[in-house]
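Undergrad: Sequence:
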Amino acid sequence: MNVQAQLENAISTAIRELFDTETAAVSLQPTRKEFKGTYTFVTFPLTKTLRRKPEEIAQAIGEWLQSNSPLVRAFNVVKGFLNIELSNEVFVHALADYSRWLEAFPNNTRHSKQEKVVVEYSSPNTNKPLHLGHLRNNFLGYSMATILEANGYDVHKTQIINDRGIHICKSMLAYQRFGKGETPESSGIKGDHLVGHYYVVFERHYREQVKALMEQGMSKEEAEKEAPLMKEAQEMLRQWEAGNPEVRALWEKMNRWVLDGFDETYRKIGVSFDSVYYESDTYLLGKDIVEEGLQKGIFFKKEDGSVWVDLSDEGLDQKLLLRGDGTSVYITQDLGTAEKRYQEHHMQRMIYVVGNEQDYHFKVLFAILKRLGRPYADGLFHLSYGMVDLPSGKMKSREGTVVDADDLVAEVIDIARQITEEKLKNSDMLDSFTPDELNKLYEIIGLGALKYFLVRVDPKKRMLFNPQESIDFEGDAAPFIQYTHARICSVLRKAGESQIKAAFPENHALSEQEEQLVFTLTQFPEKLDEAARTYAPSVLAQYIYELTRLYNSFYAHHSILKAETSEAASFRLAISQATAQTIRKGMQLLGIEVPERM
RNA sequence: GGUCCCGUAGCUCAACCGGAUAGAGCAACUGCCUUCUAAGCAGUCGGUUGCAGGUUCGAGUCCUGCCGGGAUCGCCA
1 MNVQAQLENA
11 ISTAIRELFD
21 TETAAVSLQP
31 TRKEFKGTYT
41 FVTFPLTKTL
51 RRKPEEIAQA
61 IGEWLQSNSP
71 LVRAFNVVKG
81 FLNIELSNEV
91 FVHALADYSR
101 WLEAFPNNTR
111 HSKQEKVVVE
121 YSSPNTNKPL
131 HLGHLRNNFL
141 GYSMATILEA
151 NGYDVHKTQI
161 INDRGIHICK
171 SMLAYQRFGK
181 GETPESSGIK
191 GDHLVGHYYV
201 VFERHYREQV
211 KALMEQGMSK
221 EEAEKEAPLM
231 KEAQEMLRQW
241 EAGNPEVRAL
251 WEKMNRWVLD
261 GFDETYRKIG
271 VSFDSVYYES
281 DTYLLGKDIV
291 EEGLQKGIFF
301 KKEDGSVWVD
311 LSDEGLDQKL
321 LLRGDGTSVY
331 ITQDLGTAEK
341 RYQEHHMQRM
351 IYVVGNEQDY
361 HFKVLFAILK
371 RLGRPYADGL
381 FHLSYGMVDL
391 PSGKMKSREG
401 TVVDADDLVA
411 EVIDIARQIT
421 EEKLKNSDML
431 DSFTPDELNK
441 LYEIIGLGAL
451 KYFLVRVDPK
461 KRMLFNPQES
471 IDFEGDAAPF
481 IQYTHARICS
491 VLRKAGESQI
501 KAAFPENHAL
511 SEQEEQLVFT
521 LTQFPEKLDE
531 AARTYAPSVL
541 AQYIYELTRL
551 YNSFYAHHSI
561 LKAETSEAAS
571 FRLAISQATA
581 QTIRKGMQLL
591 GIEVPERM
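Oh and the first sequence: position 40 is 40 in the working numbering, straight run, nothing missing.
Worth flagging that the hints you see were computed from the coordinates, not collected in a lab.
Nothing here was measured: the structure is a model prediction, and the numbers come from that model.
Backbone N, C-alpha and C fix where the C-beta goes; we use that ideal spot for every residue, glycine too.
What you were told as hints is all true, and nothing was included just to trick you.
Only pairs whose alpha carbons sit at most 27 Å apart, straight line, appear in this in silico DSSO-like list of lysine-lysine:
1) K461 with K363
2) K440 with K425
3) K268 with K423
4) K440 with K423
5) K79 with K53
6) K585 with K501
7) K287 with K301
8) K268 with K440
9) K268 with K396
10) K319 with K301
So the derived label-pair ranges between C-beta atoms look like this:
11) F35 with N108: 29 to 37 Å
12) G496 with Q6: 30 to 38 Å
13) Q295 with Q6: 56 to 64 Å
14) K180 with E115: 47 to 55 Å
15) S490 with G373: 53 to 61 Å
16) S490 with H93: 23 to 31 Å
17) T534 with T13: 28 to 36 Å
18) E56 with N108: 43 to 51 Å
Work out the full structure: start from the sequences and follow the hints.
TA: Structural data, given as structure tokens:
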């Protein structure tokens, strides 16, 4: 049992013995740092039942604890707040226990829950390359999956690739028309960018046609519908559905280019998937479910043959599930995909990492699956995250304000290169790295900075990305954390040279900072649990930052290897080791690497 | 218009289930490298938590109204 739970029990006992009353579960909070103590018990809620002043209650419980609990060294009362100071051995033992646990983590938590979770993220369209929004999605999804795994779930990472539809036909048509047979190889352009280029070409010519038609007196809506290019794209989609070999061949070729491009990006940014679903494989599957819903009377058919569900009693609308001509819409495909995944994985939970612009869509999807009585319906969760805005507002592909993922990644690595080279030169370390090591280091630092920036913010909130200044290398940023890790590693190396070993001597009297550090370290499992429970990797990011800050302050105010006593030296070394490991394993859960030297 | 989300320091973000004097970073300004890596440490400056009520021992947090911003309400995905 951990210290906090033991204390809470002790307080319950104290209340029973002192006031002859049973209380609801007591809960402690960390003491604010301007007061002495580690845990604080708030007595205000007890004043009514006990009919005493909060100070009196706090004082009485404090005295009881001090004489009855070996955990408690001292206490102080401020208004109704009882601040509890723990005895030395508590910290020493806590660090020893934590270090042992940490050594084995995350192997010691793996598969402890017997529950399978499917996490879907990324899920791009195949008509253009990944952008900044996808990066937030990918880092969030990958990190969430890793965090769930470390919490004991059996995690399966997947995505649904939207590889069919009018969007890809637009790129195909433009390529057919203007491409002159160029390929990623012949042009030297990454496949997804090449296909994206033709999507833009389509849009450009299409806009011209629309404009011309409008000048001839058509309304905008009419012109957009009547423009020859649009009609041709729609015709191409029909041919695709009909299985026209030529169209299919072009589609396969161009999709291959895009998917290869995506793979390259995924590899670069360090995310991965256990499986991939393609819309072209699943888009027809939902139809069986629609049929089933009709038979069960959950769905209904309109005169034109279209199929609908009425969710108005749940505050939602009527929603189309199948067009009058029998073709499927977006949500039809999602029904089918969910079903297929359940058949293949029998998961208890499935998490969709998708932007909050689709909040409504997922409400509807989940409501439908629930009405259909699907066993997995209650385990569905939409991890809805906010959009990434630019200083100019929302990213708009038509206005060319989209921040391309590959460009951004290359840019942050380049900035990392410049800064790191400079720093290494200043500290005479540059020559101690091989060119390969340097390139790896720049990548770790640049990517780390980018990932941390995107993952430190509460997923639910929309966030602002300023290309000029958003990626920090100082302060609340990954390089600060990475640097601290490298620094500790350096201390650990030197400790090895001078034969100093980490230990947990009970007679070492901890300084306030040491107490705080030990306390914060041992919070890691709780934070990990909270991150999983609340679907927020940001709580881990913030925790690691807080730990790093504390350590740096400790580092500046304490000698480690040249400490006053050998007990102090070995205990501080133990703190340092645990901090480095917590940073490394914690950052790993965010998908961020940390170097041993920088 | 209906529904949902958001509004905290000049900027970017925190604040556990309602707890103490609302915290960090950036920016600006001071100090600190003959001592374990200065991407660091210590400090100064910066707030009527959008506004007005309400609930209570206590409200950034819960409730109501208003103001401002965003998303969504397609036989698009």
